[in-house]
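Using the hints, put the two standalone chains together into the complex.
If you're matching them up, the sequences are chains C and S in order. Counting in my numbering, the first sequence runs from 1 upward without gaps. Counting in my numbering, the second sequence runs from 1 upward without gaps.
Derived from the structure by calculation, the hints contain no laboratory data. Be a bit skeptical, because a hint or two may be false.
So the derived list for chain C, only partly shown, Cβ under 7 Å to chain S, looks like this [stated by the list, open to error]:
#1 Leu-14
#2 Gly-18
#3 Val-176
#4 Leu-180
#5 Leu-191
#6 Arg-199
#7 Ala-206
#8 Leu-207
Ideal Cβ positions, reconstructed from N, Cα and C, are used throughout, including at glycine.
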Amino acid sequence: MGAALALIFFYAPLDEDGLNQKIFYIHVPIAITAYACFGWGGWKALRHLWKRDERADLESYVAIHLGVIFGVLTLVTGSIWARYRWGHWWVWSEDQLFLFLVLFLFYCAYFMLRYSLAPGPQRENLSAVYALFGVVLIPVSVLAIRLSERFIHPVAFDRGGPNMAGSQFLTFCVAVAAMLALAAMLYNLELAGKRLDQRLRELREALQ
Amino acid sequence: MSTEEKYVAAVYLVVFLVLLAYVFIIALKLQRLVRDVAELAQLAVKRRGPDRKAVAVG
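If we strip away everything but chain S, and leave its shape as in the complex, we get (with noise of 0.2 Å):
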């Protein structure tokens, strides 16, 4: 590989690894929002009380 190619390939190479951290930074952010609606879900269920059963949807 020749120097010019070296350069060529660093900065494309940069800019993938740089959008490719931020899409999994957002992808982690992501997660973390599943996790908390399940939990929210969780909390929901257990305000609505004992004596009320779940309804079947659909």
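Only chain C is shown next, with the shape it has when bound in the complex (with noise of 0.2 Å):
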């Protein structure tokens, strides 16, 4: 993380879009973390309702309340960028940005269906088939510009590839490696704590 704090501000030049062009390089990384991490809840929901992998259901949860988290900060991120560039914080025209929102509060009521069961096999089969129906959003949410007439929100990679220097393209690549690193620690400090706790509940259980 580091190294692409560095790359950012002492590395990366600033092209016609002037300082905030650093915001890129910060709000895209998060935003494709965010998608990884419900990218990997639905992987993880498969496995679940698939191998019947009793792991699974933890890990999906998890990666989807990281993917959550991600989420928060891609749209604050993006709100704030949205209103330095375009002078608002929200334009509820573009596809990307409303595909976005979706997505997230989809993920957002996983939590609602998750919490209104009582824990055991039908909370775990239901989460899991539910955070599979997300999957199908996401590659709808990443292509929304393509699909999109209007132009608002950058473009930054098109069939001809990244639309930016090689230094920049760099940075960006250093960045999102950073972002995915930052998130796969989390997820497995999350999840240590999340399986420790439920061997010290059985373990308590087991004593009383």
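Following this line, the structure appears as structure tokens:
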């Protein structure tokens, strides 16, 4: 993360966008990480349903939890950037913004579903099915900018490759890798805590 | 500080604060788990009974 920040502020050149282009290096990697977390949560949900992997339910839950946190960051950083660039905190007519909000709210509702059911196989199965449905929204949200007729939201990548200089692209790749590594670390940390909590609860029941 | 610099600073500050809050919450949970482990260790010692003495290990 330190290397990514150093590249962002001391290596990547400014383009015609000026200093606010620095927001791109954090906003887009956060959005990609949110998609990755939701995708990982969906994959674990599939494993739970398919292989009946007992650990997969908790792994899916933790991944979606992290995805929602990165989703909040995507919306907040995007809004601040939009306020500067477009003069508005939010533009409802933009398909990509709207679809990301739908995806985010969909996964927020995952927690409402999960905690409205008693712990057990029914909760695990319904949560897994719900998480899998959300995965369908990810490509729709990512590709929305291609389907959109209005292009207020900047396009960083098109069929010809990245629309940026080599040094900017390198900085962007390092920032993405750093954000994914940070998410992986937080995922393992939260998962270890949850598993320990679960084991302690079982131990308490055995002792009492 | 120019308006542009303020917006850039705001974005990075928000990210830092949210991640800090997340790590802080996780740290609080881990502290609770440490307390739980200590409590369960005490419970295990009590259940072992007064007639059985602890044996030094190592």
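So, going through the hints one by one against the coordinates:
1. The beta carbon of Leu-14 (chain C) comes no nearer than 11 Å to any beta carbon in chain S, farther than 7 Å, and the hint placing it at the interface is violated.
2. Hint status for Gly-18 (chain C) relative to chain S: holds, with the closest Cβ pair at about 6 Å, below 7 Å.
3. Hint status for Val-176 (chain C): violated, given a least beta-carbon distance of 14 Å to chain S, over 7 Å.
4. Look at Leu-180 (chain C): its Cβ only gets to about 14 Å from chain S, farther than 7 Å, so that hint breaks.
5. Given the 7 Å rule on beta carbons, the hint for Leu-191 (chain C) is violated: about 11 Å separates it from the nearest Cβ of chain S.
6. Hint status for Arg-199 (chain C): violated, given a least beta-carbon distance of 10 Å to chain S, over 7 Å.
7. The criterion of a C-beta within 7 Å of any C-beta in chain S is not met by Ala-206 (chain C), whose closest approach is roughly 10 Å, and the hint is violated.
8. The beta carbon of Leu-207 (chain C) is positioned within 7 Å of a beta carbon in chain S (closest approach about 5 Å), and the interface hint is therefore held.
Violation of the numbered hints given earlier is confined to hints 1, 3, 4, 5, 6 and 7; the remaining hints are satisfied by the structure.
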